[in-house]
Amino acid sequence: MNIPFMAMRKVVAMFSIAMVLVSLGSIAVKGLKFGLDFTGGSLIEVQYTEAPALDDVRTLLAEGNYQDVTVQNFGSPVDVVVRMGNAYTPTLGDEVLSTLRDNGNVKVELMRSEYVGGQVGEELREQGGLGMLLALAIVMVYVAVRFQFKFSVASVVALAHDVIITLGIFSLFELEFDLTVLAAILAVIGYSLNDTIVVCDRIRENFRIMRDTTPYDLINESINQTLDRTIITSMTTLFVLVVLFFFGGESIHNFSLALLIGILIGTYSSVFVAANLLLAQNITREDLVPTPKEEIEDEMP
Amino acid sequence: MLNKYPLWKYLLILLVIALGVVYALPNLYPDDPALQLSTQKSTSVVDQRTLATAEKALQDAGIDLKEAEITSAGGTLRFNNGEDQLAAKPVIAAALGENYVVALNLVPTTPEWLSSIGAGPAKLGLDLRGGVHFLLEVDTPAALKQRLDVAASEMKNSLRTERIRYRSVEVSGGQMSIRFLREEDQQAALELLQDEFSEYVYSTSSEGNDYFVEVGFTEAASAEVEAYALQQNLTTLRNRVNELGVAEPLVQRQGSNRIVVELPGVQDTAAAKRIIGATANLEFRLEAGLDANASDIDTLTFRDGSGRTARLERDVIITGDSVADANSSFDENGRPQVNISLDGKGGSQMARVTRSAVGRNMAVVFIEHKSRSRFVEGEDGKLTEVRRSYSEKSIISLATIQTTLGNSFRITGLDSPRESSELALLLRAGALAAPIYFVEERTIGPSLGAENIRLGVLSAQIGLLVVMAFMLVYYKVFGIFANISLALNIVLLMACMSLLSATLTLPGIAGIVLTMGMAVDANVLIFSRIREELKAGLPSQQAIHSGFNRAFTTILDANITTLLVAVILFAVGTGPVKGFAVTLSLGILTSMFTAIVVTRAQINLVYGGRKDKRLFI
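The listed protein sequences derive, respectively, from chains A and B.
Numbering that gives the first Met the number 0 numbers the first residue of the first sequence as 0 and each following residue consecutively.
Numbering that gives the first Met the number 0 numbers the first residue of the second sequence as 0 and each following residue consecutively.
Any given hint might turn out to be false.
[Stated by the list, open to error] Over the 10 Å line for every Cβ pair with chain A, so calculated as not near, a few chain B residues: (1) E161; (2) E206; (3) Q230; (4) L299; (5) D303; (6) R334; (7) I395; (8) G412; (9) T442; (10) T552; (11) N558; (12) K612.
[Unchecked claim] Distance condition first, Cα-Cα at most 30 Å in a straight line; then the derived BS3-like pairs of lysine-lysine: (13) B:K612 with A:K32; (14) B:K612 with B:K534; (15) A:K106 with B:K612.
[Claimed, not checked] Listed next, with one range per pair, are the computed distances between beta-carbon atoms: (16) B:P29 with A:V241: 24 to 34 Å; (17) B:V605 with A:F172: 26 to 36 Å; (18) B:P416 with A:E125: 39 to 49 Å.
These are calculated hints, taken from the structure and not from any lab test.
Nothing here was measured: the structure is a model prediction, and the numbers come from that model.
Think of the CB as a built atom: it goes at the ideal place given N, C-alpha and C, for glycine as much as any other residue.
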């Protein structure tokens, strides 16, 4: 089996560029729907014994003079999340809870309550962004040292591609972006890099073995050789992520979703994007295998 | 010979696995819901008599007790289930009285032979256990202002002693400004202050007929004040948390001006918040005489809401900081009161002042530092939080001094028994050196914690089954090797978590599940390499050998980069996310060992040193 991956490179490149542009556009226009962790604010999650009508809950809260609240179901009809704006007093969560209990008429159990100050949210946002950039920078240095500079450009651009598209999908579909999603995206960087490294490693190895092959054919061959492994590892990882998505509970729903999207794109990018970028940079045998001095001396008797 | 490990290598692997199993084992024993008994005072101890009292009370209340024992931390009462534990807490608290602290806890049921070699279950994070997490910010500008206020009165004293006339002293925004009418006074004051208070920086200015000396902190001095405020608050918060009766609390500094407080298993978050964030303190002051100078008088209202006011002297006899011990009780009429004992210095100060004031009235003033947050729309349309702190002072009681007061006395005039016991607690634990604000708070109810554990374990089990089935179908016999390694990987991972006493969180469990998917990667790399070598016509022993060798660098490179990212994740993340980074990075390390060494050992055992035969791969 030998799939001519590199023959599709132009089409694929157009596709990737289009995806990245759409993602960047969406992030620029719509922005990300940041969760409580990053915006600051308060929320409480409660569980009713019987599914309440959300409108009744809203009316109840409006009567209790809580403005600027949103009431939503969280995973199931009995679970309700009440999000409140920024005005915070240390007892707000308890007050809302007792309002919901409506003088003990309704059985409501507190699942969790969260408050994040605006300042803290802003810092987390900054820290998260910095963390992502730092991860990319460290990867770039490591790959440049272990492989070669062209490889490091290729893998970092591929990683940025994965991150941007995952963020783009979160922005486009208005999925909530909280701290766990940030963690997922960093994990995607690690995972997708893992994939890319395996392909790059094979390309490097093949440059040493196959002396007469053009870089174009050689890269194609390398991708085909590692394809088996790429697909299987991605599959086992995707399996467990699907399990996490469906069974892991509402609180890590978006976390597993981000990983699912990121790993799908990461698999695609390690096959198409990274290799494509290597070719675009005119990678040659000399980049990887320094011409040994002995050989030169041998040729000059 | 190819594919043979020497005996010692097999033995070493067996040893590692055996250790892994032993240290992972405690995680299989579920924790007991328990009550932790301890005491804050040196006068009372938790002993068999205490336990007997508790057991008797439980018997009377009809609550089943599983086991009671004395531990180094005090006493532990184990229960069969969470309901019994919750029902027992008020019963025991009432039976033992105020000198004992009764805290909810989860106690491991690790068998003795395991705990004797230091094995124990992994710690559960708040999201799995339930509890509260607070992030508090210390108001360091307020601490600086307080210090300047003190300095201001000292400087005024010095100026007065040296007969240097000043017009006014104002403290605002970390700066003090002293106003003089004559330039000579300004110069003389500058010389004097620079000489006597060298820890401050001085500058002078003039405006019309007014001459100013501005006093500010040197950078080192302000850093020292801030560090002191933080340290003092940490100590106070630790005391308060201990008084609250929480098992295994965490009070830790974070960054330059923040404090993390984690209280596992706390149910009544409102009370916890009230006590942690309380800035209440007391002041004892004399009522002002009729002839007192108006500038030395504060007019304060009473706390009882009657609207009455009293004129008090500005000078404070002592504050709550001089209190050595305090506890609450009831007076003859059944009203709540707080009994106070002062420390030596406070006691003599009190005696000195009251000796010459018999017959006058003394007021107990309750002070609370509060802050109000407002959101102001800035020029860019963004809302920013503006905090304004203020303090509320009110009179708890005003009573005639009958005789010279000594070290101990009592305060009445409190609203409720709750208020008196909380005031006693705050006086015992000490006041905060600077006000604190809640900047983050997360409460996880106990049922959500249990639900999270259930979901986490369920997805881990399903994930494991799916991956194992897949490997078996795809790699046949070699799939069995990989699956054994995978199972051992999880055992080793849990053992490492226990040994490092790392905290397991829900994203942490997700990390373990993710590790399962990724841990087989190394084996997949090796196996597909072996398949390739077989296809290229190598004999099976050669294929195994070179498959492992050639896949090794790839595995190493791929895993090191992932590890680097996991470390960054650890540095950036907080709480649950940190847990994810921990399991992810530990998982990478253990999976390298199991996938490379353990799988190889199995293959060597089965195939090594024999004639080339067909490989089921």
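Cross-check of the supplied hints:
Residue placement check: B:E161 keeps its beta carbon more than 10 Å from all beta carbons of chain A (closest about 45 Å). Distance check on B:E206: its Cβ is at least 36 Å (rounded) from any Cβ of chain A, clearing the 10 Å threshold; non-interface status holds. Remark: the non-interface label on B:Q230 is consistent with the geometry, its nearest Cβ contact in chain A lying 22 Å away (cut-off 10 Å). With a minimum CB-CB distance of about 25 Å to chain A, B:L299 clears the 10 Å threshold, and the non-interface call stands.
Remark: the non-interface label on B:D303 is consistent with the geometry, its nearest Cβ contact in chain A lying 23 Å away (cut-off 10 Å). Annotated as non-interface, B:R334 keeps its C-beta farther than 10 Å from every C-beta of chain A; the closest such distance is 27 Å. Look at B:I395: its CB is around 23 Å from the nearest CB on chain A, clear of 10 Å, so calling it non-interface holds up. The claim that B:G412 lies off the interface holds: its Cβ sits roughly 25 Å from the closest Cβ of chain A, which is beyond the 10 Å cut-off.
With a cut of 10 Å on Cβ distances, B:T442 falls inside the contact zone with chain A, its closest approach being about 4 Å. Against the 10 Å criterion, B:T552 falls within the reach of chain A, whose nearest CB is about 7 Å from its own CB. A beta-carbon of chain A is positioned within 10 Å of the beta-carbon of B:N558; the least distance is around 7 Å. Residue placement check: B:K612 keeps its beta carbon more than 10 Å from all beta carbons of chain A (closest about 23 Å).
Of the supplied pair hints, the one linking B:K612 and A:K32 is violated, its CA atoms being roughly 59 Å apart against a limit of 30 Å. Proximity of B:K612 to B:K534 is assessed by CA-CA distance (about 15 Å); at most 30 Å being required, the pair is judged to hold. Restraint check for A:K106 and B:K612: the C-alpha separation of about 68 Å exceeds 30 Å, so the hint is violated. Here the CB-CB span from B:P29 to A:V241 is close to 29 Å, well matched to the stated 24 to 34 Å.
One distance hint, 26 to 36 Å for the beta-carbon pair B:V605 and A:F172, is violated here, with the actual separation near 49 Å. A beta carbon spacing of about 47 Å between B:P416 and A:E125 agrees with the range 39 to 49 Å that was offered as a hint.
Checked against the numbered hints listed earlier, the structure breaks hints 9, 10, 11, 13, 15, 17; every other hint is satisfied.
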